[in-house]
Amino acid sequence: MNVIVCVKQIPDPAVPGALDGSTNTLKRDGKLILDDSDAYGVEMALQLVDKAGGGEVSLVSMAPNSETSGLRTALAMGAAKGVLVSDPALQGSDALTTAKILAAAVQRLGGADLIIAATESSDGYTGTVPEQMAEVLGLPSVTFAKKVSVENGALKVDRQTESGYDEVTCPLPALISVTAGVVEPRYPSFKGIMAAKSKPVEEVKASDLGVTPVGWEGAGQKIASVTQAEARQAGEVIEDDGETFGKIVEFLENLKVI
Amino acid sequence: MALNNIWVFAQIANGTPTSSTLELLSKARSLTSNVVAFLGADGGNAAAALGEFGATKVYATGDLGGALPGVAVAGAMKAVIDAGETPDLVMFPQNYEGRDVMARLSVKLDKTVITNNVDIAESGDGVTVTTPIFGGNTLVNTAFTGAAPFLAAFRPKSFAAESAGGPAAAVTSVSVPDAGAAKVTAVHVEETSGPKLDEADIVVSGGRGLGEASNYSLIEELSKLLKAAPGASRAIVDAGWVPYSFQVGQTGKVVKPNVYIAVGISGATQHMVGMKGSKNIIAINKDKEAPIFGVADLGIVGDAMKVVPKLIEALKGR
Ligand SMILES: Cc1cc2nc3c(=O)[nH]c(=O)nc-3n(C[C@H](O)[C@H](O)[C@H](O)COP(=O)(O)OP(=O)(O)OC[C@H]3O[C@@H](n4cnc5c(N)ncnc54)[C@H](O)[C@@H]3O)c2cc1C
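One line per chain: the protein sequences are A and B, in this order. Just so we're aligned, residue 1 is where the first sequence starts under my numbering, counting upward by one. Just so we're aligned, residue 1 is where the second sequence starts under my numbering, counting upward by one.
Keep in mind that the hints were calculated from the coordinates and are not lab data. Some hints could be false.
Cut-off 30 Å, straight-line C-alpha distance, at most; resulting in silico cross-link-like pairs (DSBU-like, lysine-lysine) [said to hold, decoys possible]:
#1 B:Lys-108 with A:Lys-205
#2 B:Lys-306 with B:Lys-196
#3 B:Lys-310 with A:Lys-247
From the structure, some residues in chain B lie toward chain A, with a derived Cβ separation under 7 Å [what the hints assert, rightly or not]:
#4 Asp-100
#5 Ser-106
#6 Ala-181
#7 Tyr-216
#8 Val-295
#9 Gly-302
We put the beta carbon where it would ideally sit given N, CA and C, even for glycine.
Turn these sequences into a full structure, and let the hints steer you where they fit.
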């Protein structure tokens, strides 16, 4: 069984985000890391391939400046190879263009039995790219998967819903998006990290994939303005001395809710 | 530009339209007098409520029989558009099904999507939507370019649901050209008692600061005493302490109760966007630098394991 995982390389979420003053897009110029949300997909793919008893896990990623550090993390976990789409022309691309690019990268790898993405990225979180990719590729999809197995050549998925979950079956090939917590991502071993350095990553441009138009030109949207929301004022902050529960009771009494 | 024809992707739960559906219909009717509620379900029973809140027409696919709405409803929408009726705007709720239908439709129409919005306005010759980022501190106004239809998803509680007293909307059946290969074989609903999280007057949420899963019982007990709904940060949902339906935040529920009590929650931006609209916020956290104190009306710097049991005793004694 061959699985392709879409991985995003993002600015470290521990560093507060900022907008580029000239374009009003998220700044992505620092060092990029593997989006935590995608580590679940990589782990899920490795486990499914392992269970199937053969095949490999490949990666596709779109990132500026030929960035591969996040891809290397996923390769160190056990993925075999990757395609990186890096192209200044892609700056400003919307979710639809991103989906077309990633779908084309999947095809460049010759497709797979299963394509895995996260439900949304940690930095942009439009949250539509996986389902858009499925439509571009003409594949069935199961989004928001919180448990996944393959039985008799078909997917069995517990799909998160607003009020619980659905059991869903789906034939392969297919695309799924997985929620955080679906599996416990492994830490790359030292051996894995060393091996990752020599695993192949092919770098391509949008034009190599035949996707046009891209970037600002392909995006059906433009940022008109950015404003600051009215900030909420902080109130009283007190250190607990064993009696502050009384403050809470008083607060609730004043609001007449108790 | 003038929005002459707006579609709302409408959803039904337990036989009635969801609150998000009614919010979007209310907003849509303030923008145009032609509002279509597009349902991936049977239309008959909901036509009255959909009409009351502003739908002038209902397009209904009928029961989807286990098909996922992404493929099925987007296909049905595309078929209506191909037959000659083009909406200027399609509004989606920012939830799982809304996102899936919107994503599939965007590819079929080759149109961009803008998600996570809290507002929309006609502006000169364009249409602009507003998206909060960085925990809601910054608002980005984005204009659609190119030709309609525009596809936009809105967060719950972005608009007030207000009855317009309209008559029941006429229901037109639409066909589903492709049900897709994925099939729902069983549905599991997690039972909850007490008020619903996104409707409760008081919400008490717990986070990783509770230390371990069994301590969540303190949140449940406090909730019961206050007739509140219990909620959670994503950290403890991911850890499996409580079901996803408890989650408050960007990828969970948006709540705007009278009182929100955050216990052992740091106040990550993704949590804050789900609760910052609360009228009154109380936070209990042992770290006085925790960001949650930046939005709290009353902040207690202390150990939740000490403060909450005493609070419970005090409330019990009343
Ligand atoms: C794409 C994306 C979407 C997300 N969506 C959501 C979402 O919808 N909702 C959400 O909540 N999060 C969401 N998150 C996760 C979010 O970034 C945070 O990781 C999460 O909110 C942290 O949960 P927490 O506050 O419980 O845990 P932590 O951040 O670990 O905070 C625990 C807090 O407890 C305090 N504490 C520890 N011990 C005690 C004690 N004994 N007494 C009192 N206080 C104590 C600590 O000081 C700390 O402030 C999302 C993240 C991403 C990337």
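Consistency of the hints with the structure:
| no. | hint | result |
| --- | --- | --- |
| 1 | B:Lys-108 with A:Lys-205 | holds, 25 Å |
| 2 | B:Lys-306 with B:Lys-196 | holds, 28 Å |
| 3 | B:Lys-310 with A:Lys-247 | holds, 12 Å |
| 4 | Asp-100 | holds, 5 Å |
| 5 | Ser-106 | holds, 5 Å |
| 6 | Ala-181 | holds, 4 Å |
| 7 | Tyr-216 | violated, 16 Å |
| 8 | Val-295 | holds, 5 Å |
| 9 | Gly-302 | holds, 3 Å |
The structure fails to meet hint 7 from the earlier list, while all remaining hints are met.
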